[in-house]
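Generate coordinates for the entire structure from the input sequences, incorporating the hints supplied.
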Amino acid sequence: MCSASAAQTLLTWYDRHARRLPWRVSPRNRKLGEVPDPYRIWLSEVMLQQTTVAAVKDYFEKFTLAWPSVEDLAAAPEEDVMKAWAGLGYYSRARNLKKCADAVAAEFQGRFPDTEEDLLTLPGIGPYTAAAIATIAFDRHAAVVDGNVERVLSRFFQIETPLPDAKPVIRARMADLTPQIRPGDFAQAVMDLGATICTPRRPACALCPWMTACQAHSSGMVETLPRKAPKKEKPTRYGAAFVAVDKETGAVLLRRRPPSGLLGGMTEVPGSDWSEAFDRADAVSGAPFPAAWTRQTAEVRHTFTHFHLRLDIFRADLEASGTPGLKGAWWSLPDMLDGEALPTVMRKALAAALEQGSGKSGS
DNA sequence: GAGGCGTGGCG
DNA sequence: TCGCCAAGCCT
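The first sequence finishes on residue 363 if you use the UniProt record's numbering, and the numbering steps up by one all the way, no holes.
Be aware that one or more of the hints could be misleading.
As the list claims (entries may be wrong) - Straight line, CA to CA, 35 Å or less: simulated DSBU-like cross-link-like pairs of lysine-lysine:
id, residue 1, residue 2
1, Lys228, Lys327
2, Lys31, Lys228
3, Lys247, Lys62
4, Lys99, Lys247
5, Lys99, Lys83
6, Lys231, Lys99
7, Lys62, Lys31
8, Lys247, Lys167
9, Lys247, Lys327
10, Lys167, Lys99
11, Lys247, Lys31
12, Lys327, Lys167
13, Lys167, Lys234
14, Lys247, Lys57
15, Lys231, Lys327
16, Lys31, Lys57
Hints in this document: simulated from the structure, not taken from any laboratory.
What follows is the structure in structure tokens.
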């Protein structure tokens, strides 16, 4: 099958089977002249970096409701953006999202640039996202390569070179395959195919519009592709978190993490450093101030990108007014916790402390 | 260019 | 329980 024929086959499939997504203009409406909002395409693409559609949907709704345009987002305090992003992960994306909105508002008069080259200059927009915005929002011819495209094309062309070494070849193949007409729909079609049919495990080849032309299907190699370089083993780090609870109000003591690095700029429960050599017997010595800290029964387990974490949780019930001031820390009332910029690992730590209670009275 | 950087769902 | 994986970017 030639490139033009393969592309047309997939576009016909897409016309019938495109997923309906909150940020997407359906192929039908697109043909009727509806154009995508570059702001919504950009926002969705950043949220979708290494993140599933299911996880993104509610956050996308929340963001577009709070900030309907890029200039609204540019006008928002960064702290509000971090609070809204809390739980979605990869928090540098939220910091760069805000920086990017500021730049578009200030340097591009609130209009997203429409070329890959200009888009690449913006914070948080790399090769994939620049190509995706250029083609989906502006109908530019661009080779969009994400994890789906890598998998689909590795199989279609039976590319046996392991990733990431195969990336340049895949990019060239995608550029050849992408049609001049409807390049944006084609990119979304390949990604939809990868998400719904040509899945990592147990692909549904019988339903695939490209089955007969697929080289890996012909040779029975579909499930062995793409090949990938072996991954490094994750170490386990240990630490302690200290949940101070105000006896009067139930407020808990929180503080801000440093602006960059792991969970940069997010809110946390005061705690120790996390290390493989952490001495659990001496954990309480890492408390932020002296108090009647009691070790909670349950530890918190959490996995980050490159290590596992086990946290011992300590709780102390005390009078906030009599607590030594902790630099930059604040007391947050129970009703306010939902709105804090707390990453998931910190919500787990709070839950472990608050569910069990003080261990003294029946709280 | 290799490593840092979250989270939730799945088998 | 655990490893794998999901629309990558930055340094």
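Going through the hints against the structure:
1. For the proposed pair Lys228 and Lys327, the alpha carbon gap of about 46 Å is over 35 Å, so the pair is violated.
2. For the suggested pair Lys31 and Lys228, the alpha carbons sit about 39 Å apart, so the restraint of at most 35 Å is broken.
3. Our distance criterion of 35 Å between C-alpha atoms is met by Lys247 and Lys62, whose separation comes to about 34 Å.
4. Between Lys99 and Lys247 the alpha-carbon distance is near 40 Å, which puts this suggested pair outside the 35 Å criterion.
5. For the hint linking Lys99 to Lys83, the alpha-carbon distance of about 16 Å falls within 35 Å, and the restraint holds.
6. Proximity of Lys231 to Lys99 is assessed by CA-CA distance (about 32 Å); at most 35 Å being required, the pair is judged to hold.
7. Restraint check: the Cα-Cα separation between Lys62 and Lys31 comes to about 29 Å, which is no more than 35 Å; the hinted pair holds.
8. This hinted pair does not check out: Lys247 and Lys167 have alpha carbons roughly 57 Å apart, beyond 35 Å.
9. Distance check on the hinted pair: Lys247 and Lys327 sit about 21 Å apart at the alpha-carbon level, within 35 Å; holds.
10. Between Lys167 and Lys99, the direct Cα distance comes to roughly 29 Å. Compliance with the 35 Å bound is thereby established for this hinted pair.
11. For the hint linking Lys247 to Lys31, the alpha-carbon distance of about 62 Å lies beyond 35 Å, and the restraint is violated.
12. The straight-line distance between the Cα atoms of Lys327 and Lys167 is roughly 47 Å, outside the 35 Å bound, and the hint therefore fails.
13. Restraint check for Lys167 and Lys234: satisfied, since their Cα atoms lie roughly 25 Å apart, inside the 35 Å limit.
14. Annotation: proposed proximity of Lys247 to Lys57 is violated, straight-line Cα distance about 38 Å (limit 35 Å).
15. Between Lys231 and Lys327, the direct Cα distance comes to roughly 40 Å. Violation of the 35 Å bound is thereby established for this hinted pair.
16. Under the criterion of a C-alpha separation no larger than 35 Å, the hint pairing Lys31 with Lys57 is consistent with the structure, at around 25 Å.
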